[in-house]
Each structure stands twice: as structure tokens, then as C-alpha cells.
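Asker: Residue-level listing of the chains:
Number of protein chains: 2
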Amino acid sequence: MPVYSAPVDDTLFLLNDVFGFEKYSNLPRFGEATPDLVEAILREGAKFCEEQVQPLNRVGDSQGCTRHEDGSVSTPDGFKAVYHAYSEGGWGGLSIPEELGGQGLPQILTNILNEYLCSANMAFAMYPGLTAGAMAALMMHASEEAQKIYIPKMASGEWTGTMNLTEPHCGTDLGLLRTKAVPNGDGTYKISGTKIFISAGEHDMAENIVHLVLARIEGAPAGTKGISLFLVPKFKVDADGNLGDANGVSCGSIEEKMGIHGNSTCVMNYDSSEGVLVGEEHKGLRAMFTMMNEARLGVGIQGLSQSEVAYQNAVTYARERLQGRSLTGAKAPEKAADPIIVHPDVRRVLMSIRSFNEAARALTIWAGLHGDISHVAEDEAQKQASEDVMALLTPVIKGVLTDKGFDNAVMAQQMYGGHGYIAEWGMEQFVRDARIAMIYEGANGIQALDLVGRKLPANGGRAVQAFFKEVHKFLKEHEESEEFASFMKPLRKGLEDLQAASMWLMQNGMKNPDNAGAASTDYMHLMGLVALGYMWGRIAVTAKAQIKAGANGKAEWLDNKLTLGKFFMERTMPETSAHLARISSGCDTMMSLEADAF
Amino acid sequence: MPVYSAPVDDTLFLLNDVFGFEKYSNLPRFGEATPDLVEAILREGAKFCEEQVQPLNRVGDSQGCTRHEDGSVSTPDGFKAVYHAYSEGGWGGLSIPEELGGQGLPQILTNILNEYLCSANMAFAMYPGLTAGAMAALMMHASEEAQKIYIPKMASGEWTGTMNLTEPHCGTDLGLLRTKAVPNGDGTYKISGTKIFISAGEHDMAENIVHLVLARIEGAPAGTKGISLFLVPKFKVDADGNLGDANGVSCGSIEEKMGIHGNSTCVMNYDSSEGVLVGEEHKGLRAMFTMMNEARLGVGIQGLSQSEVAYQNAVTYARERLQGRSLTGAKAPEKAADPIIVHPDVRRVLMSIRSFNEAARALTIWAGLHGDISHVAEDEAQKQASEDVMALLTPVIKGVLTDKGFDNAVMAQQMYGGHGYIAEWGMEQFVRDARIAMIYEGANGIQALDLVGRKLPANGGRAVQAFFKEVHKFLKEHEESEEFASFMKPLRKGLEDLQAASMWLMQNGMKNPDNAGAASTDYMHLMGLVALGYMWGRIAVTAKAQIKAGANGKAEWLDNKLTLGKFFMERTMPETSAHLARISSGCDTMMSLEADAF
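As given, the protein sequences belong to chains A and B, one line each in that order. Residue numbers for the first sequence follow this note's numbering, beginning at 1 and rising by one. Residue numbers for the second sequence follow this note's numbering, beginning at 1 and rising by one.
None of these hints come from the bench; they were simulated from the model. A hint or two may mislead.
In this list, chains with the same sequence are indistinguishable; a pair is considered to hold if it fits within one copy or across any two.
[Said to hold, decoys possible] The list that follows gives simulated cross-link-like pairs (lysine-lysine, DSS-like), each with its CA atoms no further than 27 Å apart:
1) K476 / K23
2) K283 / K335
3) K511 / K544
4) K180 / K335
5) K225 / K331
6) K511 / K331
7) K335 / K225
8) K80 / K148
9) K469 / K225
This is chain A alone, in the form it adopts within the complex:
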């Protein structure tokens, strides 16, 4: 059976030591999150994930969800009970304002716990994950009245949420959508249409399901400018939050899919269902994007989560599996063979994964902190700077952490040889589950286009310039020192490659937008590498400082971090030059082939 142990010590080291969480205690929400409270919450959350959620991961995969003839859906054995335990633990409301029934703590804590929850059981984590995304959209765009009715019930876990965007003929290009909204004259609308790929669309774990549905109001303009967002509950809700009649919402079928079998991916039919507008008419995409931006960071974390749990299992196996002998002579001569962790190629794989995971975790925490700051800072400059970091890094985190998270799950599976291909070991599930994160909430190619087409040029390049400046300043502070040479030289090289690529994009993307499109995915990964390399630089500086200060019994643990970071710099950072070379080759070759010639 697969194992999982939440990396709480790593998280605390990053949050407190590397990023100095305490220095934000003057900000709203942060004040109550004392170091002791944060640690207590993370340890308690970790325990819950390890002991209750993780044991349901395999059963969720093998049983999947079942749709019954009446359209109701059963989740796998145990999901309902553990979901109730999750709700009773108050986990869903951790970062929801107190006045809406939550605990009002910073969002970063929910993000961190989300990593643990997804590592333990990604399909399970999606139920509260979608609820959180729906709450975010409602808090930003719904009327105060609607917020008061819906958010407390969702924060408590009594009700869950969904996002309904995709239709059979329309995914990325939402301008094509056909679901109709007809005004009832009383402020409500009749919603009719079919949505596909609706995660957690129907299930047996909550009393009600709050669907956020994109639809076109009769007579609205064509394209994306005629799309509105509606709140459509499974059961109608009165002004006091009491449940009424069924609302014409039904699950038409459950998709048979590659992974995340424990989550019900539904075709949802809306048949004159009553909906209320969220935000303004025809401005539904904007509201949906709020939700998607929160969700994209969360999906990036999913990529990390599968990489982490796959890594942990691969290490366990590599220490136990006896096969062959070390190239430099037997290391366990008393046994029939050495454990495979003696082999450099096995270590190469394991360290590639882990050195990615630790930097990726740092990146999600760093970005998450900026996310919180962007919400609560009172200083406008601080707020804007944090908004810029979040906007710039969201597509990078979503795209790079899910691409690499999947690759890492595949590499971890490889450590098991044939056993990795067999269901009972659980490794192939991590691969199948990780795969979806590259696709949903905007396929990674779309993330790359968002980065080069929107995020880079926004405000005259303010965000990316600030990022370059920050990394450059960090390098200036540390690159003179010989003790950091193995970190700072590769980071400097990476930054130079990224800046050269940015310059190339500026010069050539304006001339021909296809040059930007042709460069986009490589550019996203190049920026991801520099961001991860920067995280390793930050970790190294903190670790060295702590070692110098006596290390408080953690000297070996800190030394190992430095070794891991050095590995990342030696083995992963060299990819930046290949990305730059590809970017600079432009779009001419790929655009010169006729569509028929493919």
C-alpha cells in the first residue's frame, strides 16, 4: 500500500525561516496566525490527511463513482464519512472570513493543507477544492445577500460547489457557449443547457450543490462579451438558507476517464433551472476568471502533490528493493543484493524529483503569501507589487508544476520496474491522477499563452521587470561570495537566458504574434526554472545562515538541503539554454507547413 507523510517540517522551514511569515503579522488576518497556531494547524491537518484521507486513495481509484438510474451519484466507500470529518474539523472554512462562518486565517494555510490533502487523495481533495473556488468567486462578485446565504453553508461543508464552463463544442473558447438564460422577470433566470467535464457535479456527500454556471442571456451579444455567470443550486434555497424543491439540475452521465476516479466528473443537464446572476450581466467571464485564478494556483499545487507522494513511495521502495550490486562494490554484503538506492541512476531520478518538489513548494508558498498580501495589504504599493507577482506566477505555477509534477510521477513509477505498472502498488494511479492537472483549469498551452500574451506585456511589463529586479538584487547580494557560487552562477545564467528570451519576445512577438505563440511553452518553462532556481537560492542562503548560527540540532537536515539544491543547480538549471535556443528559432518553420501536410 502506498505511504504518505505530509512534509510539515519543510513547510514550516519555508514559511517561517525562508519567507519570514511573522514579518507580516501587522497585516489583517495574519495577526492571529501566530507561529504556534500555524504549526498546530498544519500538524493536525497533516495527521488528518495521513490517517483518514490517504487510506481512501486506492479504493477511490478502483471503485470510482457510480451514477444510479435516478441520476444520483454514489462516491466510493468511505468518502462520505471522511468528508464529514473534514467538514466537522472546520477545514473548509479555515480561510473564510469570520463574518461568513469561517476562521478568517490567511489563505496560504489553506493552500498548504491543500498540498497535503491532494497528496493524500487528489480525487477527494477536489470536492472541497471546487467548493473553495466557488466561494472565492461568490465573495468577489455575488451580492451580499447571496454571500450570506451560501458562503456559511459552503464553508461548513454542508454544501459543495462546482464550476460549469465547458460544453461539448467549447472548452478554451468560451465565446462559443450555448447554455441559455431566460429572465423570469423577478431577478431570477431559467438556465437551460448541457455542461461537460463538471468535477464533483453530483455526489452523495453534501445536502446541496452550488453550481456556478456560465450562460448566455437571451439576446446577449455573441462571443465572450455576452456571457454571464449564474448561481444555480441543485435544490432551491430560500432567503433563510432552507432547502426547497429540486431545481431541474441533473447528472446525465459520469465520464469514464484516465484517473481521479474518486471524483465524479459529470455531464450536467440544466432544464429551466432557476439561477441568480452573479456579478453583472454579460460580465460572467471576469467573475469566472477570479475563480479560475484561485483554482490555477490550486492546480499547480496538485501537480506538486502527486510529485511529492510519488517521490515518497519511490524512496521507500528504493531503500527496500534488493536488486544487483553497487558499481563500486557491495554495500550490503550480508544481503542477497544491495538496495537499489545505491545506484547513481536511481539517486539521479529521486533527487531530480525531490529537488524540484522542495523548490516548487517554496514557490507555491511564496506566491501564496503574495496572494494574501494582495488581498489584505493596506499599503497600495505593497498590494500592487504582490498582485503583480501573483498575476505573473499563476500561469507559471499552473503550467510548470503540473507538467513537471506529471513527469516526476512517471519517473517515480519507473523506480518500481514492472511493479510500477501494476495497480496494487499505487504508482500508476499517481501518474493517471497527475495527468489531469496539465489539462483542466486551462490546458498548459493556454497558461503559456496567458503568460506571454497577457501577463508579460501588462502595465508595460511592470510585473516581469519587478521579478527580474528582485532576482538580480538577490544575486548581487550573494554572488560575490564563494560559498554560494554553486547556487548563484547557475541562477545568473538562468536569469540571463530568461532576459534574453524576453528581449527576443519583445522584438519579435510584436512583429509577428505567431513568434510569441511559438515561444510560449518554452518561455513558461524557462521562467519556471528561473523561479525555482531563485527559490533554491533563497533556501540556500537561509540554510547557510542557520548553520552558521548553530543550526539548533538541524545541521545535517540543513546540509542535506544544500546538497539537494546543488543537485538542482547542476542537473536541472542547464535546461534554460535549450529553451532559449528553441525560443530564438522563431515560428517560421512551424508556420510554413500547410495544415494538410501535417
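Following the hints, put chain B in place on chain A, whose structure we already have.
Answerer: What follows is chain B alone, placed relative to chain A:
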């Protein structure tokens, strides 16, 4: 439903035009393979794969194989009938000598058809594929008597074959195996033990199954030097090839696995089963390696096959799926949206896959030709040179074509967005099926070790030096010419990186074998890139020459090849420098972490 069209024109261009198949017509076996016959065979085989085998691919995946209480196994609907059609078509005996019931044609034709068969249905292709591997081992090592009994029945498809190596505690390290062989005193042995992961181990398509089983004769030396190979039929066979009693061979269970569901992966129990020795006592590994070397080229072809079929479907989808508009203005203004093939990032993905596929196909054909020459050449120097190419390239083809074949299937799946994750579209099956090829017949890490530990140093580096010399000579001939600059410059750079890596390995791998281990996977991929780049160089030179000669109506087709090759050179070859950087970083960092610290 997924589509597949076998790339016969590409194959013929490579076989005849690029590699000059006809110039070998003086060699045994080649003489009869006239251009007309070869084309007729490939077109007929392609048709069979497209029309009969491919339609069973999805049903094979969704039904899988079923083990019944009596230990018998049913294959998916339609498999048995199509397997009989395959056998009646004589496909299994195409490259088997006429005196053993085959058609005596070069092995390369079987290899080529194997690509088509695997693209059409990889799980199905494994049944005859394993039979072919077993025949290869028997022809090399079994007694003439055994060959006469078994080979004709296997060539005709009446009987199939298997390889039995793995046991629960022993995969890569066969020295640990425990299956026992007790001499009966009459030249036969009683074989007892349990083998796992036995592909095509039990099924309902053939009258008998010929198991090749590694076992340890009572009293044999420990380790790999005490392993012998046995032929153990499911039903006993008399000297005339008549079937007798059941032989104590049974399928204990079928593995539940990630993919290739249409193939029965069995736990096989041998309970005092009667076996005959193949080859010499205690030299079973050598015999098994014959089989595995044939098989490894075949598995490399499987990697290519899934990349090819995934590509074909992704292109079809990219031409049909309407979503969004071109960055440079609408290309299909009359439609609701442009087909996604207008987007550079979509083209980037498609051309990455296809430019790999065409070079990989060239590589399997080039290596396959050398394989045939090594078997039939009468000139010793020619024979040895071809043996060297095959020995050197086998691990590269197995490792690189399966790693990249899988990556490509994943990229092709990505083109479908959410639909790629849904079973009915078939894309996720290609990914799951392709995954096994990185694992079986020696996991890819083992291929890399075989390359750097055995193949490079063999005979004082003769094979790799010859390879360098050949590429160097080719470059010398063409790099002066401006028309080939976009091909030759990147190839030259790749060759330099590979030579620098080889030099680094020579200097540092001897000092510390862990340096070789730490470099192995990157070295394998680096060599793969240079080999693929060389293939594109060869294709480009041939294509340009044909264009100059009038192109015979194929000018556009040849031009497109040049564009595709240019793309490979611009976008894929730059990876060589990252591999070199990683290799040169050595093993120190990865070996410095204690096993407990992972």
C-alpha cells in the same frame, strides 16, 4: 474512434531511397525481396493492420483478458479471429527460414510490419511479438530436433511463445532467481516455481504455448552463472509435434495493470512441468539475451508505434476542432472559430512528435538493416561492422524511442484538452499502453547502463568510434554546402557534445564507476539525439537530391520533409548541450546524500 493509417510511403522512402535496400540484393535472403515484393507485402500488411487489427484496440482495452476458475484465459472479443487471420496470412513466418516453415525474407520486413501492428493494437501485437522472440532464441540455441518440432508450429501461428524471467523478488537481477529444475535422467527436467509479469502467458488463441523459462538446475552455482534456459510447453509435445498431456503449467492470476489490457499478463505457476534444456547448462542467460536483444529493438519500435498513432489522431483532431482564432487574424472566418492547427503552439507539439517519429522510423530501419546484414553477410568485416551498429544502438533505440514515444503520446493527448482524458477518444489508452515499453525488456535505466557499461567499452570502443567516424564522414561530405547548413550545423554541434561526453566518461568513469552510472541516462539520450539528427541529415540529403532530379511528382512531399527536419534541428537538437552539462556534473552530489536522507 481513433484512426490509423500505416505510413507505407514513408517506410518505402526510407528503405529504398535513403538506405538503398536494393544494394544488398547480393546478400542471402535479400535477393528475393525485390522492390515490388517488398512494397506489395507492406501494403498488404498495412491494410490488414488498419482494417482488422486496429478496430480491436479500444475493445481490447475496455474488456481486457479474463481468467476463469479453471485457470484458462479468454482474450477480448475479436482477438482470436483476427489472430487466426494473421496466422493464415503467413505474417508470423515472414522472416523465418523456409526450411523451418517460413518465407525466408529479411527480418527488417517483420520489424516494419511490427511498427504498423503495434500502432494498430499494441496489446494484440505482443502475442506474435513474443512468439517471434521465442523463435529467435530457439533458432540460436535450441537443438536442431527441437527447432524442427517447434519453429514451424510457431511460425504458422498455431502455437505462441513467451519469455519467463521475472519472479516476485527478482527482475533486473536475475541472479536471485529461484525457479528450480530437477533432472529426470532422460534429458528432460522437472521445472517448479512461480514467474510473474508473463505477457501472453495464457490465452485462448493458440493450440499450445511454448514457454521459455529461466531456472536453476539443482546444485547449480549461485548467481547468474547457475541459470539455465528451458523450453516448457503448456501441453507436452511428442517427436512428431503432436500434442499430449497438460504439462503442469498454469496461470495463477492476471495482473491488473495500467495498460495493454488486451494482453494477458500472467502469474505463471510451474509445478514439476517437463522442460528441455535450451543451449548449455548454466548458460541460460546468454540464450535469453539473444531473445532480449531482438525484443529490445521490437520494444523501441513499440515506443515509436504509439507516438505515431497518437500523432495521427492528434492531427486529425487539430484540423477538425474549432476553437479560438489565429493570433494573426481569423483563418476560417466563415466558421465559428478556426481549427486549432492554426496555433503555433499546437503546431510546435505536432511537429515535435512527427519530426521525432520520422527520424525514429529511419533509425529502426537503419539498425534493422544492420541486424539483417550481421546475420547473413559473408564478408567478415561487413558482418562485424553491422553487429557493432546493432549492439551499440539496441539500448539507445529501446531507451530513447520508448521514453520519447511515451512523452509524445502524452503531448498528443494534450491536444485534445479534456477530451484527451476521457476513455472514448482513445488518446489516454495510447499513453497507458506506451508506458510499459519504458519498463519491460530491461527498464530504460538498465538500457543506459548497458550502453555506458558494456556497449561503449566493448572491443576497445570499436563500435562507438565507428559510429563517430560515420557521422563525421557524412558531415564532412555535406557541411561545406550552404543548402544543408540548417541540418549539418546542429548535427555537428550534437556530435561534438556527444564526443565531449564520451571523453568525459572515459576519463571519469574508469576512476569512479558511479560517474558512469550518474551519466548513463543522459548519455543514452544524447546519443539518441545525435543518431536521430544523423537520420535527418541522411533524409535531407536524399530529399534534396530527389528534388534536384525532378522529384517525380513528390516535390511538395519532399519539401515538407525538409521543413520537418529543419524543425527537429532547431527545436530538438539543442537538448544535447543540457545533457552534456548534466553528464559533466558527475556523481559527487548525488552520492553524497545518505540513503536515510532521501
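Asker: Hints first: check each against the structure and report whether it holds.
Answerer: Against the structure, the hints come out as follows:
1. With identical chains, the CA atoms of K476 and K23 are at most 27 Å apart within one copy only, with a shortest distance of 23 Å there and 64 Å across copies.
2. Taking the closest pair of Cα atoms, K283 and K335 come within 27 Å of each other only across two copies (25 Å); inside a single copy the shortest separation is 67 Å, beyond that limit.
3. In the homo-oligomer, the alpha carbons of K511 and K544 never lie at most 27 Å apart, since the shortest distance is 46 Å inside one protomer and 32 Å across protomers.
4. Proximity of K180 to K335 under the C-alpha cut-off of 27 Å is restricted to the inter-copy arrangement: shortest distance 21 Å between copies versus 69 Å within a copy.
5. For a Cα distance limit of 27 Å, the shortest separation of K225 from K331 across copies, 21 Å, qualifies, whereas the shortest one inside one copy, 67 Å, does not.
6. Taking the closest pair of Cα atoms, K511 and K331 come within 27 Å of each other only across two copies (18 Å); inside a single copy the shortest separation is 60 Å, beyond that limit.
7. In this assembly of identical chains, K335 and K225 lie within 27 Å of each other by CA distance solely across copies; the values are 18 Å between and 69 Å within a copy.
8. Taking CA atoms no more than 27 Å apart as the test, K80 paired with K148 passes inside one copy only; the shortest distance there is 26 Å, against 63 Å between copies.
9. Taking the shortest Cα distances, K469 and K225 never come within 27 Å of each other, neither inside one copy (37 Å) nor across copies (63 Å).
When each numbered hint is compared with the structure, violations occur for hints 3 and 9.
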